[in-house]
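Once you have looked at the hints, place chains B and C on chain A.
Listed here are the chains, written in short residue letters.
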Amino acid sequence: MKRWKWLGLFAVFALVLAACSPADTGGTTTTGEGPGTTAPPGTTAPPGGTAGEGGEMLLLQWQAPSQANAYLSTGTKDLLASSLVLEPLAEVAPDGTLVPALAEAIPSKADGTIAEDDTSITWTLKEGLLWSDGSPVTADDAVFTWEYCSNELTGCAQDMSFVESVVAVDDLTIQVTWLADKPQAYPFTMFTTFQQPIIQRAQFADCVGAAAQGCTDQNFSPVGTGPYTVTELRPEDTVVYGFNPNYRGAAEGRPFFGTVTIKGGGDAEASARSVLEIDEADYGWNLQVAPEILGPMEAAGNGVVKVGFTANVEHLNLNQTDNRNDAAPSDYADGTNPNPFFYLNGDLARALSMAINREEMTAVAYGPAGAPTCTLWPVPGDIATSLDWCLTHDPDGANALLDQLGYVDTDDDGIRETPDGLPLEFEIVTSTNAVRQSEQELIARDWAAIGVGVSNRNEDASLFFDGTCASDACIWKFFTDIQMFTNGASLPDALGYFAGFKCSEIPTPANNWGGGNTTHYCNPEFDTTWDELSITALDDPARIALVQRVQELIVEDGAIISLVHRASVSAFGNDIQGVGDLNAWDSEYWNIEEWSRG
Amino acid sequence: MATTQERVEELVAPQPMQTGTKHRTLGEDVWRQFKRHKGAVVGLVLLAIIVLATLLGPIVWPPDPYLIDTIQANQGPSIDHPFGTDNLGRDLLARSLIGGRISLAVGFAAMLVGLFLGTAIGVVSGFFRRLDGPLMRVTDLFLALPILPLLLVVIMLFREPLKASFGEELGIFLLVVFIIGATSWMQTARVVRGDVLAIKEEEFVLAAQSIGTRKRNVIMRHIIPNTMSPVMVSAALGVAGAIITESALSFLGLGFPASFPTWGRLVFDGRNYLNLNPMWILAPGALISITVLSVNFIGDGIRDALDPKLRSR
Amino acid sequence: MGRYVIRRTLFAIPTLVVISLIIYGILDLAPGDPAGQLPLTIPAEVRENIRESLGLNDPFMVKWLKWMRLMFINEPLNAIDSIFGTCIGDCEARDRIISWSSRAPAIDIIMQRLPQTLWVLGLAFIIGIFIAIPIGVFSAYKQYSLFDNVGSVVTMIGFSLPTFFTGLLAIYFFSVYLGWFPSLYDTTLVVNSWDTAVQQIKQMIMPVSVLSLFNAAVLSRFTRASVLDNLNEDYVRTARSKGLGERTVVMTHVMRNSLIPVVTLIALQVPGIFAGAIITEQIFRINGIGALLITAIGQSDVPMVQTLTFIFAVLIVLFNLLADVTYGVLDPRIRYD
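Residue numbers (my numbering), protein chains in the order written: chain A, 61 to 658; chain B, 3 to 315; chain C, 605 to 941.
Excised from the complex, chain A in its bound form (with noise of 0.2 Å):
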């Protein structure tokens, strides 16, 4: 029976080595000590007294989270592992406006904590805010994580170039002034949101710089002043939370969850099953799933979706410089190498746009989490209506408009011409993605009924938004016709957002393809009209009238023509009380102290 003796060795070998659990990286146990914190005036706390009492909750992103580290983040997905822990001194609530979180109020320039010339601007901390290890909370921590991040070999994922220092006035102001050159009009890009949240002095310290890869520890599980503390993070797998007693809302009984696991893994139709479906977890994030899926699986009736608009638009760019110029492609070279079909063609663009149609690619593409939309700021209070004709799908007037133009097909082709006998062929890239070639499958069948041709193709994703343009897929080159994607804006600031498009943001050769400017789009009466609303205060009511003529101008010049507004889609179970609308410009963590399961 040797036979036996070496197969059963062998089976024992091996259940021992799938048995041992390896040790785990990074992650320790914080707890608190230290006394209690003040409440923060005006808020509910959830039922059930006492903070972390609630149980477990299962949080769903199909893309998991690689490390909780908001500087170091690729994606969306580490910045929201990072928001449970880390807090910035104001979040964006998600109707777009600003709420206070470790800042005691929003600066204004009517108390002064903005300077009246732009330079400067002031935040004052919350009194008696502690770290999770029960350390006070200083100004000088937040001048620490201005360090950190503009240090350049830190690689850090933010972009600070524009500060010229941070100062801590004492220890509970801080003091934001911008470079000289530089005066920010919206002041509210330092330290707000999740991308910027304040890392403690204390435990960074020594992770500046070229240290920052080697810090694991501190980026698996950083101190931070939110409800959780990282208990354990297996990257690209799950992490699991435990309540931090030393968070202010403590004294109220928040958070109510005691324990929050992020869990990765699957794609977005799964995640969106388990929560809605089968009842196995009670959010999922992200749910990029095609409405007639998500719709049976929501009237299952176990969980419900929520959509959150900010101001994601699905567009097209048309290319403002000459794509087909083999000697210098797509190269806007001070404006002598124009495209010879969409360069300032507003009319053309008009009647593309007319033919598109906006409610079918709506339904079929995004289901309620998207709404045909015109302009590329489609948010409430700034919205320019005077574009909406297009939301009217009319192909007998776009043929008309195209007659009228002199587009005309003149050898029978079932192709239109232009006067100068060009055929309008096109050629349009966007991403690889099953939705987004449906969409051009749509535009495709939409513009043949107006006699224009359209060939399609597709990058992969990674190659098409690489900010490095490694290859020549990538949408800064342009080095297509048409191309289509999203566009978003990280914060409710239309400055900030169409500053994008001034002729100074052209990605050309000679810049190395720097600069947000996709489209090549350049236009001196644009320049002069963002120029205007860059001193135009906040309060001011010509400022809508400007934000309006912005969002025009980029329309009525032929550069995009906008598609679809889409939302962010969460799901979340019937039982979890107290989220409110679903927070699409900051973590849709963002209120999960005030969670609780009813």
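In short, the hints are calculated from the structure, not lab data. For each residue, glycine too, the CB sits at the ideal point set by N, CA and C. Please note that the accuracy of each hint is not assured.
To be verified - Derived, one-sided and incomplete: chain C residues facing chain B with beta-carbon distance under 7 Å:
id: 1; residue: 765
id: 2; residue: 776
id: 3; residue: 879
id: 4; residue: 883
Said to hold, decoys possible - Derived pair list, reagent style DSSO-like, types lysine-lysine, alpha-carbon separation capped at 30 Å:
id: 5; chain 1: C; residue 1: 746; chain 2: B; residue 2: 37
id: 6; chain 1: B; residue 1: 165; chain 2: A; residue 2: 537
id: 7; chain 1: B; residue 1: 40; chain 2: C; residue 2: 670
id: 8; chain 1: A; residue 1: 562; chain 2: A; residue 2: 537
Chains B and C only, in chain A's frame:
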């Protein structure tokens, strides 16, 4: 009415010797034995039906596999659409048929590449003693390579350049075929080598060599035809393996791009629509399974038919 | 016997070295770049500095040798240190292979997830063997009986159905429709009570069944063929004529000889099994190393992909070695080669 006597005489009378008997070739023998394997025959018929359907179907069946009609989206099976429609209203039967062309083409082409490589290496390894050691080490090496991870990585790396050089469809086709072929030759090589080692010692080979036949001719005319048995079985199994690998790659999103409805891709696209239209994954899944099953049965049949011990039964 | 084992082990090492060269070489061509995720405002020279500091601009041989040192010297040293609590050499500042997306040592992440994969694969393998061998032996023994014919068809169907297809159907049927088994694999589940054990079994049943059925189908066919070959041999006739019971003849004599080629086959199947694991982990959302590979490829996390692919190769070589040793144990002729 024949009498008993006549009948007995009939039976007992010596039969004339049948000179000029029909000469039975090896091929005919093999075919006769093959036909006795019920599963193989069924497999052959099914495979023939599928191949014919994919070749002729898109010509005969009217709906356009690429036509989008969102009003018809997500319909179940009906007279107009026996497999239903997908989420963009495209007819799934048409897509399955045209996808079948690609899947089958990849299967056969990849098999040919693997077969060619395997046979060449096996024959050279078995025939030339000095090359045997290194070639077998190379085979061991390839056997130890983690195939699917490398496949995924190579596809990720070389998709773009090939797309640029050969155009999208041909580029990916070449890549997938070459990669599957280059990673599936090892088994054939080993088996062929074993066979060649045995055949090399046969007398007819020694005879051929002694009359001065050049090595190249010895290999081509004598060795290779006698290794047909394992080679053909490998061929059958190779097609099955290649089809499954291609569909697995498409399922992981790393095979043909979205616009090519290969069977694996169809299963991938339809995996979340089981509630709305189960035929979306059942039809291509069944097609893959039936094709692979048929090919496996055919391989079984060939193996039995070429086995001399069985044939003499 | 010992010399045989040592010889096979020694041969495995150069194999691994060459494999690592191939893997590293292929992946070095990858366009992924950790500096690509930084904001556009960072000037090009700084980006270059970051790349320099990560060693991305060194010539190929230098990079490969560095990686070899990390993989073959630093990582094992680190493993020894963490298991035995020692501190060999410069244990604090030792360089390790760092993943670009999580910036943690790649090996740590892989080791966290390896048990999941091994559990599912190992169980599927063992169950597959325990199903396949009796079926194969019995089918061969009662050749052309109803059992054999039905068994043949069932096994043929078993390995013709692709695992992703059966997996999808299993999830749909058992998780969504019947609700018997969870569709989420809980990786943090610790088995320390009857309830958690039941939970673990419930969440493993579907992936293990899908994989083991596939394995069983393949193995049983080969077992059958091998047993058939042996049943017709002379020694079986001799054994029977000596008056040995059928049970002894089959279990003691025939099985031993039939299992030899089956073992070689099991070894040849191992790469395919890992491939099956990748697909199964994707479908059932098990956070094992197969799913990690797909994620790492999607994020262009080259060090992670290099290390993972190499780990796969190590596992395959290891199992080949085990199969060779088992083969040596079972077949005395090989040992005196």
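So, going through the hints one by one against the coordinates:
1. Checking residue 765 of chain C against chain B by beta carbon gives a least distance of about 5 Å; that is within 7 Å, so the hint holds.
2. The criterion of a C-beta within 7 Å of any C-beta in chain B is met by residue 776 of chain C, whose closest approach is roughly 5 Å, and the hint holds.
3. Among the interface hints, the one on residue 879 of chain C holds; its C-beta lies about 4 Å from the nearest C-beta in chain B, closer than the 7 Å criterion.
4. Annotation: residue 883 of chain C was flagged as interfacial toward chain B, and the flag holds, the nearest CB pair being 6 Å apart, inside 7 Å.
5. At roughly 23 Å between alpha-carbon atoms, residue 746 of chain C and residue 37 of chain B fall within 30 Å of each other, so this suggested pair holds.
6. A threshold of 30 Å between alpha carbons decides the hint, and for residue 165 of chain B with residue 537 of chain A the separation of about 19 Å falls inside it, so the pair holds.
7. Pair hint residue 40 of chain B plus residue 670 of chain C does not hold up; C-alpha atoms about 59 Å apart against a cutoff of 30 Å.
8. Under the criterion of a C-alpha separation no larger than 30 Å, the hint pairing residue 562 of chain A with residue 537 of chain A is consistent with the structure, at around 16 Å.
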